[in-house]
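Mind the numbering: the sequence shown is residues 1472 to 1582 in the numbering used here, read in order.
Each hint should be verified, as a subset may be incorrect.
Stated by the list, open to error - Result set (DSS-like, lysine-lysine): computed pairs, CA atoms no more than 27 Å apart in a straight line:
hint, residue 1, residue 2
1, K1485, K1522
2, K1507, K1477
3, K1507, K1485
4, K1477, K1522
5, K1477, K1564
6, K1522, K1507
7, K1507, K1564
8, K1556, K1522
9, K1522, K1560
10, K1556, K1477
11, K1522, K1564
12, K1556, K1485
Claimed, not checked - Cβ-Cβ distance ranges computed for the label pairs, FRET-style:
hint, residue 1, residue 2, range
13, R1480, G1509, 26 to 34 Å
14, G1482, T1508, 26 to 34 Å
15, A1515, E1559, 20 to 28 Å
16, G1572, K1507, 32 to 40 Å
17, H1571, S1474, 32 to 40 Å
18, K1477, G1572, 38 to 46 Å
19, G1482, G1573, 36 to 44 Å
20, H1571, P1493, 28 to 36 Å
21, K1556, K1477, 17 to 25 Å
22, I1490, G1573, 35 to 43 Å
23, G1552, R1479, 29 to 37 Å
Please keep in mind that the hints were generated in silico from the structure rather than gathered at the bench. Every residue, glycine too, gets a C-beta built ideally from N, C-alpha and C.
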Amino acid sequence: MRSPAKLRRVGLPKCFNAILRPYQNTGYTWLNYMNKTGFGACLADDMGLGKTVQILAFLQRMYQDNREARALLIVPASLLGNWEKEIEKFAPKLPYFILHGGGREKGQALL
């Protein structure tokens, strides 16, 4: 594996409403590299460093490059509202669906 700092930078998606800090850009570039090479990845930065915005940039890039691309995020129920707010703020053109609470059986068909 290459050092994340030595990877070729990947431009941010067109419909993404944020400017990443240098270390976030490194994480975003690394996520794209791992995806391109067929590996999974776990972005495990410390709390408060902007993992959500890095993931949203990556997901928006995936969707921009392939409208059929899909991803599944599993987050604590206490963070659902925050994720929804961040999606609307940073990646408003990114389609998403929240599967939570009662009636989940009906929503599974959408997955």
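Quick rundown of the hints versus the structure:
1. Simply put, K1485 and K1522 have alpha-carbon atoms about 19 Å apart, close enough for the 27 Å limit, and the pair holds.
2. For the given pair, K1507 sits about 16 Å from K1477 by alpha-carbon distance, which is consistent with the 27 Å threshold.
3. With a CA separation close to 19 Å, the supplied pair K1507 and K1485 stays within the 27 Å bound.
4. For the given pair, K1477 sits about 20 Å from K1522 by alpha-carbon distance, which is consistent with the 27 Å threshold.
5. Pair hint K1477 plus K1564 does not hold up; C-alpha atoms about 30 Å apart against a cutoff of 27 Å.
6. Distance check on the hinted pair: K1522 and K1507 sit about 19 Å apart at the alpha-carbon level, within 27 Å; holds.
7. As the CA atoms of K1507 and K1564 are separated by approximately 23 Å, the hinted pair is consistent with the 27 Å bound.
8. Using a Cα cut-off of 27 Å, the hinted pair K1556 and K1522 holds, with the two alpha carbons roughly 14 Å apart.
9. Note on K1522 and K1560: the hinted pairing holds, with a Cα-Cα distance of about 15 Å set against a maximum of 27 Å.
10. Between K1556 and K1477, the direct Cα distance comes to roughly 33 Å. Violation of the 27 Å bound is thereby established for this hinted pair.
11. Proposed proximity of K1522 and K1564 is supported: the alpha carbons are some 19 Å apart, at most 27 Å.
12. Distance restraint check for K1556 and K1485: the Cα-Cα separation of roughly 19 Å lies within the 27 Å cut-off, and the hinted pair is therefore satisfied.
13. The hinted window of 26 to 34 Å between R1480 and G1509 is violated, with their beta carbons roughly 20 Å apart.
14. Distance hint check for G1482 and T1508: the Cβ-Cβ separation is about 18 Å, which falls outside the suggested range of 26 to 34 Å.
15. Distance hint check for A1515 and E1559: the Cβ-Cβ separation is about 25 Å, which falls inside the suggested range of 20 to 28 Å.
16. The hint said 32 to 40 Å for the Cβ distance between G1572 and K1507, and at roughly 36 Å that hint holds.
17. A beta carbon spacing of about 38 Å between H1571 and S1474 agrees with the range 32 to 40 Å that was offered as a hint.
18. For the hinted restraint 38 to 46 Å between K1477 and G1572, the CB-CB distance of approximately 44 Å keeps it satisfied.
19. The beta-carbon spacing between G1482 and G1573, approximately 42 Å, falls within the hinted interval of 36 to 44 Å.
20. Between H1571 and P1493 the C-beta distance comes to about 35 Å, which sits within the given range of 28 to 36 Å.
21. A hinted range of 17 to 25 Å for the beta carbons of K1556 and K1477 is inconsistent with their spacing of about 34 Å.
22. Range check, I1490 to G1573: Cβ separation about 40 Å, and the 35 to 43 Å hint holds.
23. The hinted range of 29 to 37 Å is satisfied by G1552 and R1479, whose Cβ atoms lie roughly 36 Å apart.
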